[in-house]
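Enquirer: Given chain A, put chain B in place with the hints provided.
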Amino acid sequence: MTAAVFIGCSFIAFGPALALCVCTIAAEPLRLLFLIAGGFFWLVSLLLSSLVWFIAVQIGGSNNASVKKNLLIFGVMVSVLLQEVFRFAYYKLLKKANKGLMTISQEETLPISVRQLSYVSGLGFGIMSGVFSLVNILTDSLGPGTVGIYGDSPQYFLSSAFMTLAIVLLHIFWGIVFFDACEKKKWWALALVILSHLLVSGVTFQNPQYEGSLVPSYIIMMLMATWAFFTAGGSLRNLKLCLMCRDKDFLLANQRPR
Amino acid sequence: CWANSVERKIYIPLNKTAPCVRLLNATHQIGCQSSMSGDTGVIHVVEKEQDLKWVLTDGPHPPYMVLLEGELFTRELMLQLKGSSRISGLAVAISKPSPAQGFSPGLKCPNDGFGVYSNNYGPQYAHCNWTVWNPLGNGLAYEDFNFPIFLLEDANETQVIKQCYQDHNLPQNGSVPEYPLCAMQLFAHMHAVTNTVTCMRRSSLQTAFSLNPEVCDALSDYNVWSTLKPINTSSKIDPMDEVIIVIDSHSFFWNVAPGAESAVASFVTHLAAAEALHKVPDVQKLPRNIMFTFFQGETFDYIGSSRMVYDMQMDKFPIRLDNIHSFLELSQVALRNSSVLWVHTDPVSRRNESIQPQVKTLVEALINSSMGANVTLQEVSQSQPLPPSSFQRFLRAKQIPGVVLADHRTSFQNRYYQSMYDTAENILMKYPEGLSPEETLDYVTDTAKVSAKHCFCPLLAGGWRRGGWRGSGCWVSRMLYGFLIKTNNSWFQSIIKQDLKGLLGDELPQHYIAVTTLVNTTQLVQYVLANLTGTVVNFTKEECLNPEKTPNPEKEMYVYTWVQGSRDPNSTSRVPFCVQSTVHLTKAASPAFELKQWGSTEYSTWTESRWKDIRARIFLVASKELEIITLVVGIAILILSLLATYFINAKAHVLFSSPGDGGAVAY
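Sequence lines, in order, name chains A and B.
When we follow the numbering used here, the leftmost residue of the first sequence carries the number 1, and every step to the right adds one.
When we follow the numbering used here, the leftmost residue of the second sequence carries the number 1001, and every step to the right adds one.
Isolated chain A (complex conformation):
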């Protein structure tokens, strides 16, 4: 649908991610490193899950549409589980790396806190996941045609972009909650994260009824956002202070003589 749609959809899907990178990641080299490594881990998980799906299709191997759909559902579930497994693996790797970095850098505190790591790894996962979801669709949106000649909804590009936006943000929030749960050994939180991921992926099977998939995804995203906010140390009090511009007073009040 031409360049306008291409640019519009890319900004919709990757606008917040771009803003986050520019404002928080770009200045700090360590964060950039961990962002890219996180993206790589997501890629490996995708590779493995695609291998599993490919083998399943070869074995299952019929042209029956419902069998194909079932295989796809199976593939999606396996992919979600593998992504979370790799998130856990990344967490373990980061803990080890942090220890190593500490011994080298001869400082007392960790160069990068677990909270920051959780945010950065979530962002890395999210960006890579968004890119793989949307790039094929974006290249086709550059051409003159729009979806619909076979009866599909013409809102295909827009809804894909919004869905990708939700996924990117969700990955950030899942990362924060996941790492915190691993730190504090809160296994129920872990299970909840995996469950919500499965739910969001499952709800996309409602497409092309985009209301059926976008609305639940955004609701889950809002919920996860609040949970992540509280996990990361936020509170309603802090929020009120910020919004009413009384943060300077707060800081001054909290200043303790060293």
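It should be emphasised that the hints constitute simulated quantities derived from the structure, not laboratory data.
The structure presented is a predicted model; accordingly, all values stated were derived computationally and were not measured.
All C-beta atoms, glycine included, are put in the ideal place defined by N, C-alpha and C.
The hints are all genuine.
With a cut-off of at most 20 Å between alpha-carbon atoms, the simulated SDA-like pairs for lysine to any residue come out as follows:
| no. | chain 1 | residue 1 | chain 2 | residue 2 |
| --- | --- | --- | --- | --- |
| 1 | A | 240 | B | 1657 |
| 2 | B | 1624 | A | 159 |
| 3 | A | 240 | B | 1647 |
| 4 | B | 1082 | B | 1139 |
| 5 | A | 240 | B | 1643 |
| 6 | B | 1624 | A | 142 |
| 7 | B | 1501 | B | 1565 |
| 8 | B | 1624 | A | 139 |
| 9 | B | 1651 | A | 243 |
| 10 | A | 95 | A | 36 |
| 11 | A | 240 | B | 1645 |
| 12 | B | 1108 | B | 1028 |
| 13 | A | 184 | A | 229 |
| 14 | A | 240 | B | 1652 |
| 15 | B | 1285 | B | 1237 |
| 16 | A | 240 | B | 1651 |
| 17 | A | 240 | B | 1653 |
| 18 | A | 186 | A | 85 |
| 19 | A | 69 | A | 206 |
| 20 | B | 1624 | A | 10 |
| 21 | B | 1587 | B | 1516 |
| 22 | B | 1624 | A | 4 |
A short, non-exhaustive set of chain A residues, derived as facing chain B with CB atoms under 8 Å:
| no. | residue |
| --- | --- |
| 23 | 16 |
| 24 | 24 |
| 25 | 145 |
| 26 | 150 |
Expert: Relative to chain A, chain B alone:
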């Protein structure tokens, strides 16, 4: 897997189409052109004249891509479309049955200026002043259009397009149709512009500096010729008579040239005549030799015959113009009215006292030999000029006696001259339903019967020799099937070389000269002629493929071909054999390109442009408003997220600090 799944959701490709491409000659460019990245337009189906008004003035979503019914594809309509800026392309649905009033995109005066009649030779006959040969010709194929035009050959695809139009583009109760609308995109970008001089100059410059490949190619191929008695090029050549015929055709669209009446029926008759003459007993004792020549490229200002004349004059051909005693040309012969065939001669050369008696003898011999046969030959008025024919190129070089046989007395009988409707139906070839391909091959249609019974076998033999003939049955029906319906049949398969299986196809054969050498038609004519006029010799494969290795003085006069033979009925393998014949190929490229006279008015200068990508597809387009809204929403989200991130980042030490943390928290 031609595309990824998203692309498959968006586009429907149109596979069975034929484009209109750009051809250039010394002074003009003809044909069609699209923009580099294709032309897109909202589809509008024009089934009657009034529908055109929507496209030209009323429609609110220009530019339009018009889907035209074949009946409406006329000069008046096309000139209206040509002048409009609201058209981005045209798709023509081939009309079945053919339009009743006839359709010919060729010129009213074919090959004008390149025949023999000019201001110096018979000026009253030049430029069709005496007879308009193709009165139905509207000259569409020689116009220059700046939008792409495609032919939709498959009725199913046309129906898909019409369905898409009806679902999305039809105005409901006079109101404007709403987006998304059904649109079509045609890619047919041509690299060459202006004329042959310009494009050859650019090509030679580009290839000299290895910048880019050429932008156009000269139309060229090969002529096929064969002699009744083998000739030895080194020794003296006997005087001979030459029988000539045309084997190519053209239509408005690229590589769509069925040419049934204008070419195929005639050269099939010629092939049958050659076969029958070879079987006449004592033919080797004839005082004069007979040469059968098949010219390629005659549609484009006599490419093949002008080259042969040039080669004869430059001594590059074994036979010279002085060796030729007389000519006989078979022009369009299939649509005879009450079985009469007309004999045309050139009035200007007949004024010459030495030529006139020879022509008179020839004509009388032909007319006499037809007595008692089922076809009658009659002479046309002696003041009428020759119709467009290859014989004119020979006359241009030297006055030689000759006649042209045709089924028309004045103007052409062919109402579909050089068009896509000049098919088997035009020459009334009808097969009954339900025959298998093999049965169809052997079914002798009425056309074939008519041609075979008095297929000129007696005429030709009688023309040069008194007495009867005992020719074997003519192969006319098989050849008509092979050259008009399907080349991939068992007979053709048995007479070609083994490694040329790609030569035979299942779709309708086309007879356009093209720019690649040796098109299928030329090769098939070569093999059929070799098979019909040659003899089977008992050579092994090695001897056949390398005849110079076995000592035999006769070898130089013949050409040996190893053909794959027919299939054994019991097994699947074929029994190949060696055919000895006198069939040769000679280059049919205009001398203008040899001499590098690209602006020549003496020789044909037709070239075909090169192109990269030719395809067509349909899809839905969304409104401009929706696109702008998407862009604006995207930019808004980006700006919003930038602001929010900046704000959160600035206040992060406050937002994310729990009461336990002190001041210096590394966020």
